[in-house]
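Protein chains: 2
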Amino acid sequence: MLAVKYRLSLNSARQVLAAGINYRKEQKRYATLNMQTLNPLVKEVEYAVRGPIVIRAGEIERQLKGKHDYPFDRVIRANIGDCHASGNQAPITYIRQFVAGCTYPEVMNSPDFPRDVKQRVERLLSACGGKSLGSYTESQGIITIREDVAAYIQQRDGYPADAGNIYLCNGASDGIKTVIKLLMNNDPAKPSGIMIPVPQYPLYSATLSEYGAHQIEYYLDEDNNWALNIDELERSLNEAKSKCVPRGIVVINPGNPTGQVLARDNIENVIRFAHKHQLFVMADEVYQENVYLPGSKFFSFKKVLMDLGAPYNQMEMASFHSASKGWHGECGSRGGYYELINLDKDVRMQVNKLISACLCSTSWGQAVMGAIISPPREGEESYELYKKERTMVVNRLKEKADLVSQLFNSVEGVRCNAVMGAMYAFPRIEIPKKAIEYAKSKKMAPDAFYCFQLLEKTGICVVPGSGFKQRPGTHHLRTTILPPVDQMKDMVERFRTFHMSFLREWK
Amino acid sequence: MLAVKYRLSLNSARQVLAAGINYRKEQKRYATLNMQTLNPLVKEVEYAVRGPIVIRAGEIERQLKGKHDYPFDRVIRANIGDCHASGNQAPITYIRQFVAGCTYPEVMNSPDFPRDVKQRVERLLSACGGKSLGSYTESQGIITIREDVAAYIQQRDGYPADAGNIYLCNGASDGIKTVIKLLMNNDPAKPSGIMIPVPQYPLYSATLSEYGAHQIEYYLDEDNNWALNIDELERSLNEAKSKCVPRGIVVINPGNPTGQVLARDNIENVIRFAHKHQLFVMADEVYQENVYLPGSKFFSFKKVLMDLGAPYNQMEMASFHSASKGWHGECGSRGGYYELINLDKDVRMQVNKLISACLCSTSWGQAVMGAIISPPREGEESYELYKKERTMVVNRLKEKADLVSQLFNSVEGVRCNAVMGAMYAFPRIEIPKKAIEYAKSKKMAPDAFYCFQLLEKTGICVVPGSGFKQRPGTHHLRTTILPPVDQMKDMVERFRTFHMSFLREWK
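Chains F and S supply the protein sequences, listed in that same order.
Take the first sequence: its letters are residues 1 to 507, numbered as in full-length UniProt numbering.
Take the second sequence: its letters are residues 1 to 507, numbered as in full-length UniProt numbering.
Hints should not be assumed to be uniformly reliable.
Chain copies aren't distinguished; within one or between two, either way the pair holds.
[To be verified] Below, simulated SDA-like cross-link-like pairs (lysine to any residue); rule was C-alpha separation at most 20 angstroms, straight line:
| # | residue 1 | residue 2 |
| --- | --- | --- |
| 1 | 345 | 36 |
| 2 | 398 | 412 |
| 3 | 434 | 472 |
| 4 | 181 | 162 |
| 5 | 433 | 501 |
| 6 | 243 | 440 |
| 7 | 131 | 349 |
| 8 | 433 | 244 |
Everything labelled a hint here was simulated from the structure, so no lab data went into it.
As the structure is a prediction and not an experimental result, all values here were calculated from the model.
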């Protein structure tokens, strides 16, 4: 039975994968848009976090609702950092009260509605056209929220931040795409090149594919807790120079999918490197509030750049943050912001013009981001509950971050760096040579083959390391640390059993 | 005094405009991103609705708060269809109760909370991960909302609609950009060409510039209430064939900025034309609920295409709708959807992959779109209030649509077609030859010069026709019909005085 299902699932996986590679020979009579005429750059885009394995997980979930003979009753979706969906994490009361108040101010008439939240709502609505979230906002975002973001950054770094440098956007993804767009040269013969870490978050490779840019891949140092090695940066840049015009460098800190938190001197060296090669720095800092390992500390690129003084403090830089991450996990809101510093004045006007063509980012997402960035202060009515909810969520994340790497490291043939921050573990998996050869004969990445099997046999949905890119010859998977502790333990036990049987099967 | 201010304002206008044309010769020592290295396609983008004149209006608004010698005390922002901000239009209670309930379900504990809204909230949250709007949604959007959209379309057209063809997006702008992206060929030597009406909504020209596509401009027939003339479509397509690969046609119905509502036979002819030339049809139907003129009726492109039967009912088509428009005007939410019909199966998988890289559109925007598309039914608790609010808003819009064209037509040298639908009047303005020459000597479009002067002397902020493109030698302005009736009348009176004095000054 399992053998039959395995063949079925492999077929299913192949079908899903094939869509990206082949196109049907037979075409409808009228098809102005087919695989021959579709934008070739769109075909290049890959996004593993919602890729074939996740589509297959959805199919299985539907099958599980009926009569089935899977040896499990539910799919554990550990493929995406989706806090409210993955675990037992409820939305934070303060954030939701604030947004509900902004949406329908009548709810504030309730005697239970906290006064501090009411004051914040009134301040925000006063900055909205017609005192309604239904009005378009300034293209950069509502000024009071941008002021709050600037205050948050100033508080974080100890350096001034200017609301004029803050851009609210539809999730960090939207902001990242905008900033990368600025750096493109529209020259297919020698395109712009952007340095990205390997492993990376696949939004970067997807966006660079979509824009026809060159991906300059630098390897993170897995043996050194995924640190950035400057010699490796130099190597990758040098090798790329004949193929592209290098324009920028992306650093993800805390790391996704790797979970590392960069040391301060590592950041300093990256900044010096970027300055030396005139690279625009894109600091993906969406996990800045997700730091777990005792002794680890988040340093923003902006702070380090400012600490370094001239000439580094003149460098252009973008830093991205998101309402989706942190510990509140308001992913659906698509709230986010970026700070653009030291930008050429004329370029800034061009940015403002560019973003104005889509009018503004979602005002509700802006409100969520505003609430996150400006929590209740001690002594305010909503402070105690907020503190209690925060402590509970943060403690659970810390516990799981510690637990997950321990658990994976207890499995033979698996090695997992400490989860210092972010929301993921990225264990390295030993895959037997025979399985690698078999997968390749089926035109699948070996870890994709492994993860598909893991899904079919255990219901665990994780993302293959190949979806994030990885050093050739190594294999990984990415799992979130979001499922509840009991589920997490159960998940790793099921994983252990599967892994042992996989090793035996392909030895 | 006025002369001084006029010079100042002209300088200001020139400065703002110049940013798009020139770049500073002096560069900072460290400027990896300057006007020489900025993406050349970004420089090409223009978006008049939030362009230089609107930036200037913001400056004046700030000056009006202090001591000033403008002959007015407020700026009338008639530049953008922003319902809640522009007039005395409050949000619709039903929509806001629904969204507040989805945000913070505790508000539904109030005994005043309508039961029908509560049921709708519970249905929506059941379709969200962890029953929270804070979870990522499916990339296409929450299934229950897509089902409601499909039901709405089916009800509208009398033909089946499939939730699998519905894509929720961040305002129609986001959807339009996605669909245009599919049609690009990434060949700067002979790029894809998209037919757009002139006048058009500048998102189209901005997007095509950004993507490096060719804009195939067809003129709407101003003397025939802005109808589409098929000979004109053929002319523009023929002339463009040497410069590009024609791939699609955009039709805006009801029209923006023109306010026309297309007759059914006109739509039929456009569909036949698109079929003949294998063009992908993009029907911008965001004003489908804004039809005012007695005898005018909205026909969706999909309905007409289905009515025509084979082979037309096999054609690929995208239709766009938005939470921003209609009569509820929830612009800030950035809710929107598009329906993609008859798409090649493999292309559809590519679309789904492409949109997955930004995970999903804003769930709050999705909820707003859901509420709009699925209003209370007769007999439900919230129906009466909803009906009352709707009637009030719709009647006001009808009154103003009628009033505005009448008023403009009463001014010498101004001619305005009937505002059949949408939210705008697009009167044609006679500008004296001397003023045209003067504007050109200052490198300004004559109607931009005119509108800047109108703003400085009356506080009325409208968008020059050149921002939408127009037949060479003609000049227009676009005003919304959203300000309250009294303000609207006052606005046109101020406009009349200004226009007469402008004619005298430049005769």
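Right, here's what the structure says about each hint:
| no. | hint | in the structure |
| --- | --- | --- |
| 1 | 345 to 36 | between (42 angstroms within a copy, 13 angstroms between copies) |
| 2 | 398 to 412 | neither (24 angstroms within a copy, 73 angstroms between copies) |
| 3 | 434 to 472 | within (17 angstroms within a copy, 70 angstroms between copies) |
| 4 | 181 to 162 | neither (23 angstroms within a copy, 34 angstroms between copies) |
| 5 | 433 to 501 | within (15 angstroms within a copy, 86 angstroms between copies) |
| 6 | 243 to 440 | neither (28 angstroms within a copy, 44 angstroms between copies) |
| 7 | 131 to 349 | neither (27 angstroms within a copy, 41 angstroms between copies) |
| 8 | 433 to 244 | neither (36 angstroms within a copy, 51 angstroms between copies) |
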